[in-house]
Amino acid sequence: MCPDVEILSSFYDDELEDSQKQVVKTHVDSCPHCQKKMAELGLISATINAEEEPDFQMAQVNTWNKIMDIIDREEQKVPRVNFWQRRFQISFPAAAALVAAFIVVLSLSVVSFYMGKHTTSNPATPEMSITDASDTLFNDENLFDSKAIEFDIPAINTFIHAGEPLLIKEVDFRSRNGK
Amino acid sequence: MDDKAKKDFFEKIYKEIFPIVIKVSYRITKNLDAAQDVCQEAFIKLYHRVDTFPEVEDAKFWLIRVVKNLSFNYLEHEKVKNRAFDKIKHMPSFSDDTGEKQLLKKDAVEKVNQALEQLPENLKAPLILREFGGMNYKEIGTALGISESNVKIRIFRAREALGKLLPVGEVYVP
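Chains as they are written, first to last, in numbering that gives the first Met the number 0: chain A, 0 to 178; chain B, 0 to 173.
Please note that the accuracy of each hint is not assured.
Stated by the list, open to error - EDC-like cross-link-like pairs, simulated, lysine to aspartate or glutamate; straight-line CA separation at most 16 Å:
(1) K36(A) to E159(B)
(2) K22(B) to E50(A)
(3) K14(B) to E75(B)
(4) K6(B) to D71(A)
(5) K29(B) to E51(A)
(6) K6(B) to E50(A)
As the list claims (entries may be wrong) - FRET-style restraints, in silico, Cβ to Cβ:
(7) E77(B) to M67(A): 49 to 55 Å
(8) D3(A) to G144(B): 21 to 27 Å
(9) Q113(B) to G41(A): 34 to 40 Å
(10) M0(A) to P18(B): 24 to 30 Å
(11) A96(A) to K5(B): 45 to 51 Å
(12) M0(A) to K5(B): 38 to 44 Å
(13) E74(A) to E77(B): 54 to 60 Å
(14) I70(A) to E56(B): 19 to 25 Å
(15) E51(A) to T51(B): 34 to 40 Å
(16) G41(A) to T51(B): 38 to 44 Å
(17) N135(B) to G41(A): 30 to 36 Å
(18) Q75(A) to D106(B): 51 to 57 Å
These aren't lab readings, by the way, just hints derived from the structure by calculation.
By construction, the Cβ of each residue, glycine as well, lies at the ideal position given by its N, Cα and C atoms.
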């Protein structure tokens, strides 16, 4: 009985164990069908290998040179250092000036901080807000008292108030009349 | 490993393995420039991790796997690129043969190329490593990360498929 073609393929590649190899060899030597199969395997292999190959030696040299170029460039490249990891040099006068400027700015800010704190904490400072004003406007009982708001009515007919703030107009009128 | 030892070991690997991987890559890509680019990329990757390989053999299996993958990636990329066009095959010229002999040889090689191209990657890779890499089943299995019996089956199936695609009786063999 003929061996499977899979075994013949392994036999062709010399991949069978010695004991199996001997059995298959003995059979193939006496079997025309298996000899034909072996010839086909050889033909496939020969045809695959029949194509002319390019110059691989030249390719080896060229590729080696390219690889060495790339590796050399990589190794010469300075590794990238982050800004906060960089070292820098500064001259002594410049360093001294920087320190002095820093101290001045610091002391000024400390002084202004304390002064600002003193001013805002002064209880005598009147605090005004829109809410306060509206409260006064609508809740004050003296709002419509004639003593609280006084207007001097102009005494001449030529006075035109349209388009001008009332209070300014009143002041102008007073000054013109010498009051 | 200091720099000098690293470079020496790398050069040793290159000299031993390049002739194998360039053949394998060329047979997959069918383009020498592409094969060179693939090998260059693989060896630069190897250089960065050459310390991790104790022996040349270890690097060899790793390299073959990387070259195989890069070559098939290239092929896939080219297929997508050329899908809209009729692919023009650049066959090598046979300056030493003339007439009918040249035609028969060219025809045979063309048929092999066409047949090989139609093979799926899982069958083509072991066959190429066997035929052009000169590797045995065990080495192919290590390089591709598959068992030896799996290699045996795939090579057999690749040959069977080629035998069907290739009219063996009609092909001229020099």
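Against the structure, the hints come out as follows:
no.	hint	result
1	K36(A) to E159(B)	11 Å, holds
2	K22(B) to E50(A)	12 Å, holds
3	K14(B) to E75(B)	29 Å, violated
4	K6(B) to D71(A)	11 Å, holds
5	K29(B) to E51(A)	12 Å, holds
6	K6(B) to E50(A)	35 Å, violated
7	E77(B) to M67(A): 49 to 55 Å	28 Å, violated
8	D3(A) to G144(B): 21 to 27 Å	26 Å, holds
9	Q113(B) to G41(A): 34 to 40 Å	20 Å, violated
10	M0(A) to P18(B): 24 to 30 Å	42 Å, violated
11	A96(A) to K5(B): 45 to 51 Å	50 Å, holds
12	M0(A) to K5(B): 38 to 44 Å	57 Å, violated
13	E74(A) to E77(B): 54 to 60 Å	33 Å, violated
14	I70(A) to E56(B): 19 to 25 Å	23 Å, holds
15	E51(A) to T51(B): 34 to 40 Å	38 Å, holds
16	G41(A) to T51(B): 38 to 44 Å	41 Å, holds
17	N135(B) to G41(A): 30 to 36 Å	18 Å, violated
18	Q75(A) to D106(B): 51 to 57 Å	52 Å, holds
Hint compliance for this structure: hints 3, 6, 7, 9, 10, 12, 13 and 17 are broken, all remaining hints hold.
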